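Trainee: Taken in order, these protein sequences are the chains called B and W. The first sequence begins at 0 in numbering that gives the first Met the number 0 and counts up one residue at a time. The second sequence begins at 0 in numbering that gives the first Met the number 0 and counts up one residue at a time.
I should point out that these hints are in silico values taken from the structure, not numbers from a laboratory. One or more hints might be untrue.
With a Cα cut of at most 27 Å, we get these calculated BS3-like pairs of lysine-lysine [to be verified]:
#1 B:210 x W:72
#2 B:232 x W:132
#3 B:147 x B:232
#4 W:132 x B:147
Heads up, incomplete: computed chain B residues facing chain W, CB under 10 Å, no partners named [to be verified]:
#5 15
#6 18
#7 76
#8 79
#9 142
#10 214
#11 215
#12 216
#13 219
#14 222
#15 224
Residues of chain W clear of chain B, computed beta-carbon distances all greater than 10 Å [to be verified]:
#16 16
#17 107
#18 178
#19 246
For clarity, every value in this text was computed on a predicted model and none was experimentally measured. Ideal Cβ positions, reconstructed from N, Cα and C, are used throughout, including at glycine.
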Amino acid sequence: MANIESSFLDVSYLDTLSYQTTIIHRLDPRIKLITTLFFIATVLSFGKYEIAGLIPFVIYPVVLIALGNLPIAYLLKKVLVAAPFAFFVGIFNPLMDRAVLVQLGPLELSGGWVSFASIMIRFILTVTAALILIASTGFNSVCMALEKMGAPKSLAVQLLLLYRYLFVLGDEASRLTRARSLRTFESRGLGFKVFTNMIGQLLLRTLDRAKRVHLAMRCRGFDGEIRVSRPLKIGGRDLGFMLGWSGLFVLMRLYPIPQWMGGMVAELLK
Amino acid sequence: MSHHIIEVKDLQYTYPDGTPALRGVSFLLTHGETVALVGANGAGKSTLLLHLNGCLIPQAGMVRIGDFPLTRKTLPHVRRTVGMVFQDPDDQLFMPVVYDDVAFGPLNLGLPQEDVEERVMNALSIVGATHLKDRPPYRLSGGEKRSVAIASVLSMAPSILVMDEPTASLDPKARRQLIHLLKTFTHTIIIATHDLDMVLDLCARTIVLKEGQVLADGPTWEILQNEELLDSGHLEKPLRLQGCPRCGGERECP
Chain B
0 MANIESSFLD VSYLDTLSYQ TTIIHRLDPR IKLITTLFFI ATVLSFGKYE IAGLIPFVIY
60 PVVLIALGNL PIAYLLKKVL VAAPFAFFVG IFNPLMDRAV LVQLGPLELS GGWVSFASIM
120 IRFILTVTAA LILIASTGFN SVCMALEKMG APKSLAVQLL LLYRYLFVLG DEASRLTRAR
180 SLRTFESRGL GFKVFTNMIG QLLLRTLDRA KRVHLAMRCR GFDGEIRVSR PLKIGGRDLG
240 FMLGWSGLFV LMRLYPIPQW MGGMVAELLK
Chain W
0 MSHHIIEVKD LQYTYPDGTP ALRGVSFLLT HGETVALVGA NGAGKSTLLL HLNGCLIPQA
60 GMVRIGDFPL TRKTLPHVRR TVGMVFQDPD DQLFMPVVYD DVAFGPLNLG LPQEDVEERV
120 MNALSIVGAT HLKDRPPYRL SGGEKRSVAI ASVLSMAPSI LVMDEPTASL DPKARRQLIH
180 LLKTFTHTII IATHDLDMVL DLCARTIVLK EGQVLADGPT WEILQNEELL DSGHLEKPLR
240 LQGCPRCGGE RECP
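Just chain B, same shape as in the assembly (with noise of 0.2 Å):
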């Protein structure tokens, strides 16, 4: 109970801070979504026993969180909660592939292991880099973008009402829970049965919902497009923001920074 409520406190903070004005918050949305996506795909590129070529890549994340003020933490903990799937896409991977790839000392590491820890960093990337993207642009602007740059039409109305419906929805639901748990003694009434009645109930207060939503839609002249009329557009500095990113995402793919780097280190240290 106090759960849905919570996590549902959870999903409006991280619309809270798509309201900033940051640097980051004033570019446009499709400038940060097309960013994001070539982000994932260079990270997603690469092979699958890949570790070293993926560590540059932390740059942006970084770089985006410091100059959207961002709460890293919160971030974070967001990643944590998602990590279990990935952890279970990989984990089978150290059974499957045991032909050891690298000898540290005495230590033995098979394929598998390093495989899913290339899995494990590049989930972290690329999820922390799409919460980033929604935590700066907020999630309708990223629909609207989505919109502007061909997506079919009704699935972003689709995104756009199940974002707006989502609270009322989960109000509502924790209106139902509160009001049965304040019913419920020793634990009588929390049963399945009960749960199933509730589902049915709500889908009902949906479906009457639904209804009178797409009346007041009518009422307002809906004719089935949803217009708009903030203009969206880019400008030289969102152009930079693009192109130095992909740049360096591909600089990144294409050349072995980290070697690069461990050789400069060595050379100063000789």
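Fit chain W to the known structure of chain B by using the hints.
Mentor: Chain W in isolation, oriented as in the chain B frame:
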């Protein structure tokens, strides 16, 4: 200005499950009138309101808005003329940001960008909500939501306003502000409500519905004094017209 007129003639409506909701309702509202629609739960108030801007199409009888009888063909015109404020603002405010919501109607009317902006800001300033324009609706208080819902209808510049329980779930101060706001409107207004004290403040004329029929239609002052009529309509004298709770109005209360 005949387009501010609402005429309802022998309107009948039965819900698909067979429940009769309206059984021959007739009345005529003229330009600039503020009329209250009162009656018991299930008397047919909401069903009647849904007919006034074409959310429901008459099964028998007729609804005429201005010069146009309400049919599927005249629907776009009727919806432009009649602005409907729903009971639950959460149903009405479906866009992610207040500004977009208020701009929704004007954009659908196909107005140019500058006009839309002007109308939105104008509507928001009428209800005193310009500072809310960048907020998401789900973060507003009940009173703020109500104001924005009204602004989202005003931005389409309707000549007739239809409101369903506008004062429901508002705190007393917000309710009072709403009443003051509605007093400044020159639109033809029809309000379905249980808030008879508000009716006393706002509406010169009252229509009482009972079981899908008009039980009474006349000056508010007379109807709200008629206890027999009120009782048969499941209503009660507005608190202000009842005696003092301490002495029952028998003598001067100190």
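Trainee: Double-check residue 215 of chain B for me: the hint is only fine if its C-beta lies closer than 10 Å to a C-beta in chain W.
Mentor: Hint on residue 215 of chain B: holds, closest Cβ of chain W at ~5 Å, below 10 Å.
Trainee: Any CB of chain W closer than 10 Å to the CB of residue 222 of chain B?
Mentor: Cβ of residue 222 of chain B sits 7 Å from chain W, so the hint holds.
Trainee: Check the hint pairing residue 147 of chain B with residue 232 of chain B against an upper bound of 27 Å on the C-alpha distance.
Mentor: holds (11 Å)
Trainee: With a cut-off of 10 Å on the beta carbons, see whether residue 216 of chain B makes it to chain W.
Mentor: Holds: closest Cβ of chain W sits about 6 Å from residue 216 of chain B, inside 10 Å.
Trainee: Mind checking the alpha carbons of residue 232 of chain B and residue 132 of chain W for me, to see if they're no more than 27 Å apart?
Mentor: Status holds; Cα separation ~20 Å.
Trainee: Min Cβ distance, residue 214 of chain B to chain W: is it shorter than 10 Å?
Mentor: holds (5 Å)
Trainee: Is the shortest C-beta separation between residue 219 of chain B and chain W less than 10 Å?
Mentor: Nearest chain W Cβ about 4 Å off; hint holds.
Trainee: Does residue 79 of chain B meet its interface restraint, that is, does its C-beta lie within less than 10 Å of any C-beta in chain W?
Mentor: violated (27 Å)
Trainee: Is residue 132 of chain W close enough to residue 147 of chain B, meaning Cα to Cα at most 27 Å?
Mentor: Roughly 23 Å between the alpha carbons, so the hint for residue 132 of chain W and residue 147 of chain B holds.
Trainee: Within 27 Å, alpha carbon to alpha carbon, are residue 210 of chain B and residue 72 of chain W?
Mentor: OK: residue 210 of chain B and residue 72 of chain W at ~22 Å, within 27 Å.
Trainee: Could you let me know if the closest chain B CB is still more than 10 Å away from the CB of residue 16 of chain W?
Mentor: holds (15 Å)
Trainee: The output says residue 246 of chain W does not contact chain B. Does that hold with a beta carbon cutoff of 10 Å?
Mentor: holds (40 Å)
Checked against the numbered hints above, the structure breaks hints 7, 8, 17 and satisfies the rest.
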